[in-house]
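A.B. asks: Residue numbers (the numbering used here), protein chains in the order written: chain A, 43 to 358; chain B, 35 to 334.
Fair warning: there could be bad hints in the mix.
[What the hints assert, rightly or not] Taking lysine-lysine pairs in the DSBU-like style, the calculated list, with each CA pair at most 35 angstroms apart, reads:
id : chain 1 : residue 1 : chain 2 : residue 2
1  : B       : Lys-109   : A       : Lys-249
2  : B       : Lys-82    : B       : Lys-191
3  : B       : Lys-191   : B       : Lys-271
4  : B       : Lys-109   : B       : Lys-155
5  : B       : Lys-191   : B       : Lys-153
6  : B       : Lys-153   : A       : Lys-249
7  : B       : Lys-109   : B       : Lys-153
8  : B       : Lys-191   : A       : Lys-249
9  : B       : Lys-153   : B       : Lys-82
10 : B       : Lys-109   : B       : Lys-191
11 : B       : Lys-155   : A       : Lys-249
12 : B       : Lys-82    : B       : Lys-155
13 : B       : Lys-82    : A       : Lys-249
14 : B       : Lys-82    : B       : Lys-109
15 : B       : Lys-155   : B       : Lys-191
Since the hints were made in silico from the structure, they are not lab data. Only a predicted model underlies this, so the values are computations on that prediction, with no experimental measurement involved.
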Amino acid sequence: MLTAHKLESFDADKALEETHLEAQIIPIAEPAAAPPLAQPLARPPAVVKRRARGIAPRTLLTWLLSALSLTILITAWHFAVKYKLDFYIRFNNIPSPEAVFDDATSLFGNARFQRHVGLSLRRILAGFSVAAVLAIPIGLLLGRNRVARELIFPALEILRPIPAIAWVPMSIMLWPSNEVSIVFITFLGSFFPILLNTIQGVQSLDKVLVRAARSLGASRVALFWHVVLPGSLPHVFTGLTIGMGVAWVSLIAAEMISGQFGIGYFTWEAYSLVRYSEIVLGMIVIGVLGLVCSGVIRLVGGWLMPWAARQNQELS
Amino acid sequence: MELATPHAPADASAQASRGWIRVENLSVRFTSRHEEVLAVDDASIEVKPGEFVTIIGPSGCGKSTLLNVVAGFIKGNDGCVTVDGVPVDGPSIQRGVVFQQYSLFPWLSVRQNVEFGLKMKGMRRFARESSARTLLGLAGLLAFENHYPDQLSGGMKQRVGIVRALATSPQVLLMDEPFGALDAQTRVVMQEILTNMWQRFRLSVLFITHDIDEAIFLSDRIYVMTARPGRIKAEIKVDLPRPRTAEMTSSPAFATLVQQLRQLIREESLAAMGTELHDGALGGFATEVGPGGVCNIVNG
Ligand SMILES: Nc1ncnc2c1ncn2[C@@H]1O[C@H](COP(=O)(O)OP(=O)(O)OP(=O)(O)O)[C@@H](O)[C@H]1O
Ligand SMILES: [Mg+2]
Chain A
43 MLTAHKLESF DADKALEETH LEAQIIPIAE PAAAPPLAQP LARPPAVVKR
93 RARGIAPRTL LTWLLSALSL TILITAWHFA VKYKLDFYIR FNNIPSPEAV
143 FDDATSLFGN ARFQRHVGLS LRRILAGFSV AAVLAIPIGL LLGRNRVARE
193 LIFPALEILR PIPAIAWVPM SIMLWPSNEV SIVFITFLGS FFPILLNTIQ
243 GVQSLDKVLV RAARSLGASR VALFWHVVLP GSLPHVFTGL TIGMGVAWVS
293 LIAAEMISGQ FGIGYFTWEA YSLVRYSEIV LGMIVIGVLG LVCSGVIRLV
343 GGWLMPWAAR QNQELS
Chain B
35 MELATPHAPA DASAQASRGW IRVENLSVRF TSRHEEVLAV DDASIEVKPG
85 EFVTIIGPSG CGKSTLLNVV AGFIKGNDGC VTVDGVPVDG PSIQRGVVFQ
135 QYSLFPWLSV RQNVEFGLKM KGMRRFARES SARTLLGLAG LLAFENHYPD
185 QLSGGMKQRV GIVRALATSP QVLLMDEPFG ALDAQTRVVM QEILTNMWQR
235 FRLSVLFITH DIDEAIFLSD RIYVMTARPG RIKAEIKVDL PRPRTAEMTS
285 SPAFATLVQQ LRQLIREESL AAMGTELHDG ALGGFATEVG PGGVCNIVNG
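Next comes chain A alone, as it looks inside the complex:
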């Protein structure tokens, strides 16, 4: 039998050479007995190339369709405003896309506006990070440990259905400053999606993988780091993506209700001050920021999970 040590001393280069020279034969103890390997050493399939070639026209089409889709939206908006469409929904006071565009150029350079955006981003970053840092380990623990799950889950189950926005008054009472209470609302919004998806990720881990790892000598600790964690990572990232979306929803609502700054407050204030094009700009900025944030999560996910990124590629 081969021990690890012997395996090392077994001339790897020679073996490599053999696999090239003698693609048809697997060397065995009794050379004469070696049956020819019916299947020659396969090369990696050429699929990769074919796929790469297939991508170019597809992407072009995708871009064209995206551009078309946006053009239709803006054109519809333009004409609805131009003809002051009033058919149950009223476009009387809605600014035209041109007006919004004009305001945008001056507004984006405005320090006050930048401060609003900066504050919202800071709140998201704080609330979401704390949620992720707490929810992922707790989720991993609850997914692995039945006692912990049965102890903690019932309490969480009662809190979970309460929308983060419903916490606004309570949050203002709980926390020392307005700023912290808004961050808390943001945190609440993202905490549960991350937690629940992490738990699900751990529990849906294939039992056979755990068995395989154990029979390969993995200790409990190693099992956690090398199997449970990577195995539940796709679910964790689903949770993070959903959590980021809910975090923005909660943040904007909290800012509108109780804030003094932030992009949600800016949008609400624009309404009170009858600056209609700023309402639209506020909305667009919120949308773009949300998009960028979930894009960053997807990027990190693809970087941490190259195996899953490949699957996605095939789906698209």
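With chain A held as given, fit chain B with the ligands onto it using these hints.
C.D. replies: Chain B with the ligands only, in chain A's frame:
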């Protein structure tokens, strides 16, 4: 042409005393909400060092359960399971397992999958990589070392699974219908690869299959299990010479063995499906010795 011989002959004989599996009077019961299932009933089997032993039996008769006890994944209710005289208590790196389902870690590349056990052992990265490469080369998978499992065919995945189990140099290889999901041609190739690996590494193998030809082609001995509750019904010695070749499968000796196994298993499959068989067929199975004493059946 020179072929690599990684072991000195002296080494091989030293190893020959290891990997001795003994299962004595093993019973395994599963208790679910409403009923108690006796999955394995008083089964005794043995795999001698370096031997290739197969368990064959109808679906649901408890083959996987028996193997899982030997692997250390579950505990038996009665009886005793030892490997090299040491009672089995949990999974061990000494007992490599190849599973019925695909069991590669999807987040690791082919080579990283093979390296997994070595990493758990604490082997350094460079040593790990060269060991894994050597083994992948032997299995004809070197060109795929950086692929992820999702990018492999079923046969390749199972080959990686076997290589992964072999990487830590276990004394025992436990294989639960490893080729069950493969087509007939791939299966034949895999059987040849497995035979090569087995001879090369001088392992004791406990193999499970549904396939009679596969069992005969691979094994030194075959245990036939009864339908639930799983007992050992018969033990058949396969005295076909080695190395076995594809032509041997059409020899009369092979055909006799197939015939006998088919008969034994047919009875059990019918029993498993609840069909009544008259007592004579089940109870009094004659101990038939094939032409030239090729095989002998021991009633279980
Ligand atoms: N965890 C479990 N809980 C309850 N019953 C079980 C469990 N595992 C297996 N069984 C039962 O034990 C019996 C034997 O199962 P086992 O998986 O060992 O069969 P098998 O011979 O491997 O079948 P197959 O050839 O289909 O894989 C079956 O009737 C099954 O329903
Ligand atoms: Mg089974």
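A.B. asks: Does each hint hold? Answer for all of them.
C.D. replies: Comparing the hints with the structure gives:
no.: 1; hint: B/Lys-109 / A/Lys-249; result: 16 angstroms, holds
no.: 2; hint: B/Lys-82 / B/Lys-191; result: 29 angstroms, holds
no.: 3; hint: B/Lys-191 / B/Lys-271; result: 31 angstroms, holds
no.: 4; hint: B/Lys-109 / B/Lys-155; result: 25 angstroms, holds
no.: 5; hint: B/Lys-191 / B/Lys-153; result: 20 angstroms, holds
no.: 6; hint: B/Lys-153 / A/Lys-249; result: 21 angstroms, holds
no.: 7; hint: B/Lys-109 / B/Lys-153; result: 27 angstroms, holds
no.: 8; hint: B/Lys-191 / A/Lys-249; result: 18 angstroms, holds
no.: 9; hint: B/Lys-153 / B/Lys-82; result: 29 angstroms, holds
no.: 10; hint: B/Lys-109 / B/Lys-191; result: 29 angstroms, holds
no.: 11; hint: B/Lys-155 / A/Lys-249; result: 22 angstroms, holds
no.: 12; hint: B/Lys-82 / B/Lys-155; result: 27 angstroms, holds
no.: 13; hint: B/Lys-82 / A/Lys-249; result: 30 angstroms, holds
no.: 14; hint: B/Lys-82 / B/Lys-109; result: 22 angstroms, holds
no.: 15; hint: B/Lys-155 / B/Lys-191; result: 23 angstroms, holds
Violated hints for the displayed structure: none, as all numbered hints are satisfied.
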